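**Q** Protein chains in written order, with my numbering: chain D, 1153 to 1494; chain W, 1153 to 1494; chain R, 1153 to 1494.
Treat the hints with caution; some may be incorrect.
Note: identical chains are not told apart, hence a pair may lie in one copy or across any two.
Computed list of lysine to any residue pairs in SDA-like fashion (alpha-carbon distance at most 25 Å, straight line) [to be verified]:
| id | residue 1 | residue 2 |
| --- | --- | --- |
| 1 | 1346 | 1379 |
| 2 | 1394 | 1449 |
| 3 | 1346 | 1283 |
| 4 | 1467 | 1484 |
| 5 | 1480 | 1492 |
| 6 | 1490 | 1476 |
None of these hints come from the bench; they were simulated from the model. Because the structure is a prediction, the values reported are computed rather than measured.
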Amino acid sequence: MPRISLQELASHLDAQLSGDPQHCVEGLADLRDANLNQLSFIASEKYLDALNSSNAGAVILSESLADKFAGNKLIVADPYLGFARVSGLFTRRLSKPAGVHPSAIIEEGAHVAATASVGANCFVGADAVIGEFAELYPGVSVGERCEIGERVRLYNNVVIYHDCQIGPRSSIHANSTIGCDGFGYAPTAEGWEKIHQLGVVRIGENVEIGANCAIDRGAIGDTEIADNVIIDNLVHIAHNVKVGEATAIAGCVGIAGSAVIGKRCTVAGAVAINGHIEIADGTHFHGGTIVTKGNEEGGAFASTPPLQSVDQWRKNSVRMRQLDKLFKQVRELEKALKSKNQ
Amino acid sequence: MPRISLQELASHLDAQLSGDPQHCVEGLADLRDANLNQLSFIASEKYLDALNSSNAGAVILSESLADKFAGNKLIVADPYLGFARVSGLFTRRLSKPAGVHPSAIIEEGAHVAATASVGANCFVGADAVIGEFAELYPGVSVGERCEIGERVRLYNNVVIYHDCQIGPRSSIHANSTIGCDGFGYAPTAEGWEKIHQLGVVRIGENVEIGANCAIDRGAIGDTEIADNVIIDNLVHIAHNVKVGEATAIAGCVGIAGSAVIGKRCTVAGAVAINGHIEIADGTHFHGGTIVTKGNEEGGAFASTPPLQSVDQWRKNSVRMRQLDKLFKQVRELEKALKSKNQ
Amino acid sequence: MPRISLQELASHLDAQLSGDPQHCVEGLADLRDANLNQLSFIASEKYLDALNSSNAGAVILSESLADKFAGNKLIVADPYLGFARVSGLFTRRLSKPAGVHPSAIIEEGAHVAATASVGANCFVGADAVIGEFAELYPGVSVGERCEIGERVRLYNNVVIYHDCQIGPRSSIHANSTIGCDGFGYAPTAEGWEKIHQLGVVRIGENVEIGANCAIDRGAIGDTEIADNVIIDNLVHIAHNVKVGEATAIAGCVGIAGSAVIGKRCTVAGAVAINGHIEIADGTHFHGGTIVTKGNEEGGAFASTPPLQSVDQWRKNSVRMRQLDKLFKQVRELEKALKSKNQ
């Protein structure tokens, strides 16, 4: 466990420290659970009660709440961001020793930087490049001619197909697949003729991709994930999709082929986005929304049907099938009433 | 193929045997398909016709149906449970030889029980513990300091990140990921600041998890799956979720961060559950439901929209966008009619 | 980069060539992007403008559009199919060298054809058969007694459980799982008694399955994917499902246990199909549809709720819960008006 003094934390955060600079903490906890050896934070006034009674060894908070806590404080402009910035100091993840594990297979012409770490049973294909300080956890496969940027982290069993690019400081979690074939076929008399997928996947800098995702290579042209995009687990991104800078995509989302997603969008969980549509910068989709068409201006959109008890739902559900008929009935009523009035 | 006498089966099931105790069966089959060398079962009166004409070598059934079948019978209180209890006798899965495959990598300080089996190309991180009779299939990665309980079965290419715990007799199917980072970031001017995920995943006893699932580690505090939970394929469970005892979660479900799911819930396929909500014990969600809010009492809930032909759906769908307007029209009509009546 | 003459392409496509037979192309591109060294195609009149101004070295097109382009042309009956047929000539994927990588583990009794390729860190279980020209990419696991047909391609980290069959010329993309246990349990007082899954998965000829999919083995009897089926990424297919010939299943689809899907169906993305129902040949489901019941005749079906701005959606959503009440109000109004008329 790391032990870190409040002085060090204040300097890391560029925070104003009120309290004992020599006091040390060795972990993060919620206001309610934190003890004297732990650091906490408050990002919303909702938690003022918890702040009052917290036993935390120090709290990250904004100036406006500084007088609400008697103990040690680290005062910053954005306490939630402050919390994020210190969180990395307390991880127990080991940094990997540089070097190639003896069980890893490095094919001819591949270049692994001296400061990179390639774990047990990894496979690096011919002419691939693994950048400085990159970390490949056990079981990772990197295809022929891939370019893996500096400080990229590929967790266990990630598979990158040939010719793809992963930008500097990006991370991909376990069991995700990058560069698999897009779903492209021409119909024939017997079934389907495969359209070989000739493009690649290009992932920008500082992107994070969750576990068990699949991102298809382009058919003609490439699939592109811009810088600073964050993607959760079990997300499917089809061929030739473009995802704009700093967009966030939550778990279980699917994006169909050639969709273009703008910058700084937030896509909640279980959303499905149609292919060949364009989503404006700054768009938000509620959880479970089926996005059938594009939009030209940002804003918030939803299609989520309301949650009901099964009894209620059964009655109302039948009615949804008769909705068009009802509109016509109401129009008839209006006409009838109007004619009476005349 | 195992050959098992009805006497053995009766004793295994604590069943009343009517028929030839020496008769042997070597597999299970449906009532319609079963032959003399096979065992079948009937769990619902719907299948009475099939029972009548079945050629099964023996049938597991309840006392109330015992006189409906002329052949060998194993009479039990709950025939479906009886079927489950004998099914394991007929599996062809080989139990793994104990020991560590020469190609497996065991890091310093890890402890593998003498009766455990660690397959080809597995990776066991520093200070991890693999319990008695545990089975790791080829390609499994277990992170630093993990605790894998006795008789746990991790199928091929399962990845467990560092510091996670898997309770005794639990199974996890191939290509699933446990303990990957939760989706936690603080917004910044350029994009997102990662919140390092400091918690772990703790999985109880006798849990089964399907293939290609992802269960995130906690941000602060842990993600917890209680004893006897069953989870199907392609399920995403976000950071700090708690799933209560004996809850069943079907395929393609996503559960967002910090949701608390009660005991003995049944979550049908393709359900998406919002974060930071609490679901009462004994709740059932219909397939495809988007669960936007918690509930305080169990019961059955749904939001699934009705299936329609595309022609019908097109007409009714347009109307759903005009629903609020329609309610107002109807209110106007009511007022107009009322004023006429006065 | 391959360089291919138009003469060769015409002969490969059985196309009528108009232009310079010695001209060579070395890649495919869209009409707008293509240069003199690239081949393009036009499959819809929508792109006539792009055709006019295209710099492509040659264009695949139909006779009806042949006079709309001045450059080299390959005239065929179905240009989209023509494009698919030539796409494979330009892939950069290396064909694997035949033979077993020294790091691969081949268990006793397994048979690997001399022309097959088994990559680094693969595992082939006892008595499995790997057919002629089959390609196993690094990290693949094939269970005991599996039969992998000729020219099958299993991409990195695919896991096939014991006793499953993959037909000739089928491909399965990275991190997919075939033959994991179905989700079958009998309820007990404490939780759930596992029903051991005794069937297998049988996949036909010329099937393609995407990345990060899971297809369960049968409980009793088998799960079956017929010839020429195509399946996208992150698809879940439960135990005992049957998928008919040449059916196409897009990404993020889930199909529950024992569903029977007909031939030549097209299932769009994020569809969820209920268990124990039968879907007729030639059925199409729109994206995001929840399929609660079967159908006896093909046709197009949907349940997708309409996309709305959040403001609109909030108003209309409340109304959906009051729909049944509204129908009753309208009926009362009709009665009241009728009684006035009498």
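**Q** All hints, please: hold or fail.
**A** Comparing the hints with the structure gives:
1. Taking identical chains as interchangeable, the C-alpha atoms of residue 1346 and residue 1379 lie at most 25 Å apart only when they sit on different chains, with a minimum of 14 Å there against 32 Å within one chain.
2. When the C-alpha separation of residue 1394 and residue 1449 is checked against a cutoff of 25 Å, the pair qualifies only within one copy, where the shortest distance is 17 Å, while the shortest distance between copies is 38 Å.
3. Taking the closest pair of Cα atoms, residue 1346 and residue 1283 come within 25 Å of each other only across two copies (22 Å); inside a single copy the shortest separation is 34 Å, beyond that limit.
4. Taking CA atoms no more than 25 Å apart as the test, residue 1467 paired with residue 1484 passes in both settings, with 24 Å inside one copy and 18 Å between copies.
5. Taking the shortest Cα distances, residue 1480 and residue 1492 sit within 25 Å of each other both inside one copy (18 Å) and across copies (21 Å).
6. Taking the closest pair of Cα atoms, residue 1490 and residue 1476 come within 25 Å of each other both inside a single copy (21 Å) and across two copies (22 Å).
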